[in-house]
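Peer 1: In case you want the letters, here they are:
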Amino acid sequence: EAQVTQNPRYLITVTGKKLTVTCSQNMNHEYMSWYRQDPGLGLRQIYYSMNVEVTDKGDVPEGYKVSRKEKRNFPLILESPSPNQTSLYFCASSLSSGMNTEAFFGQGTRLTVV
Amino acid sequence: GESVGLHLPTLSVQEGDNSIINCAYSNSASDYFIWYKQESGKGPQFIIDIRSNMDKRQGQRVTVLLNKTVKHLSLQIAATQPGDSAVYFCAEYFQGAQKLVFGQGTRLTINP
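For the record, the sequence lines run as chains E and R.
With the working numbering, letter number 27 in the first sequence gets 27, and the count goes up by one each step, no holes.
Count along the second sequence starting at 1, add 1000, and that's the number in the working numbering.
A couple of the hints might just be wrong.
[To be verified] Derived pair list, reagent style DMTMM-like, types lysine to aspartate or glutamate, alpha-carbon separation capped at 25 angstroms: (1) R:Lys1042 - R:Asp1055; (2) R:Lys1071 - E:Asp59; (3) R:Lys1099 - R:Asp1017; (4) R:Lys1042 - E:Asp59; (5) R:Lys1068 - E:Asp38; (6) R:Lys1099 - E:Glu102; (7) R:Lys1099 - E:Asp59; (8) R:Lys1071 - E:Glu30; (9) R:Lys1071 - E:Glu102; (10) R:Lys1042 - E:Asp38; (11) E:Lys57 - R:Asp1031.
[What the hints assert, rightly or not] Covered stretches of chain E, as calculated for chain R (at least 3 residues, CB under 8 angstroms): (12) 34 to 42; (13) 103 to 113.
No wet-lab data here; the hints were simulated from the structure.
Just so we're clear, the structure is a prediction, and the values are computed from it rather than from any experiment.
Beta carbons: idealized from backbone N, C-alpha and C, even for Gly.
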């Protein structure tokens, strides 16, 4: 089954404790991205990757890092989480970044930083 | 996408009725638009898309209308069912930046 898998689904952590949210897709997609979803703000793009070893900042990259060492994986790293990073996070992948390419989203990771 | 607000717009309709969800987009240069459906506890799911050289596109029970003059996009869902209850997002694609920008979403509730 074609899917995007995020782990963990839920995470509560303390300020400053490094964490990684994993994302994996099994569709051989080139383009992957991370979004955060906050009430009233819709989905905002954090980082994206056009292909292996190619990553770039989205609209809200501060406090986040990503890596794309393999095509299928695109982990999101919070080196020193802060309470304002409490949010619902989604990973997405698509065949390419162009038009008419459907984006597939993961189930989401709800992160709480206390 | 839609202007940022603190509250999610909501729409309630009776089961079996038609519903129309509206979206105002910001960039007249956007050339591709997508509607996503997000059910509780799940990620957004693609519903239907439309290119800027079209003004209407139909799918199964859904129709998207695009009015470029007033930068307005709408999603019509015919004969709504309980499974249509979800948050619906419009997204506009910026060709230059090669990225999607999402609106804040509309919560659709189907009443039995």
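Peer 1: Each of the hints needs a verdict: does it hold here or not?
Peer 2: Results for each hint:
no., hint, in the structure
1, R:Lys1042 - R:Asp1055, "violated (30 angstroms)"
2, R:Lys1071 - E:Asp59, "holds (22 angstroms)"
3, R:Lys1099 - R:Asp1017, "violated (34 angstroms)"
4, R:Lys1042 - E:Asp59, "holds (23 angstroms)"
5, R:Lys1068 - E:Asp38, "violated (28 angstroms)"
6, R:Lys1099 - E:Glu102, "holds (12 angstroms)"
7, R:Lys1099 - E:Asp59, "holds (10 angstroms)"
8, R:Lys1071 - E:Glu30, "violated (31 angstroms)"
9, R:Lys1071 - E:Glu102, "holds (22 angstroms)"
10, R:Lys1042 - E:Asp38, "holds (15 angstroms)"
11, E:Lys57 - R:Asp1031, "holds (22 angstroms)"
12, 34 to 42, "holds (count 5)"
13, 103 to 113, "holds (count 6)"
In the structure shown, a violation is registered for the earlier hints numbered 1, 3, 5 and 8, in ascending order.
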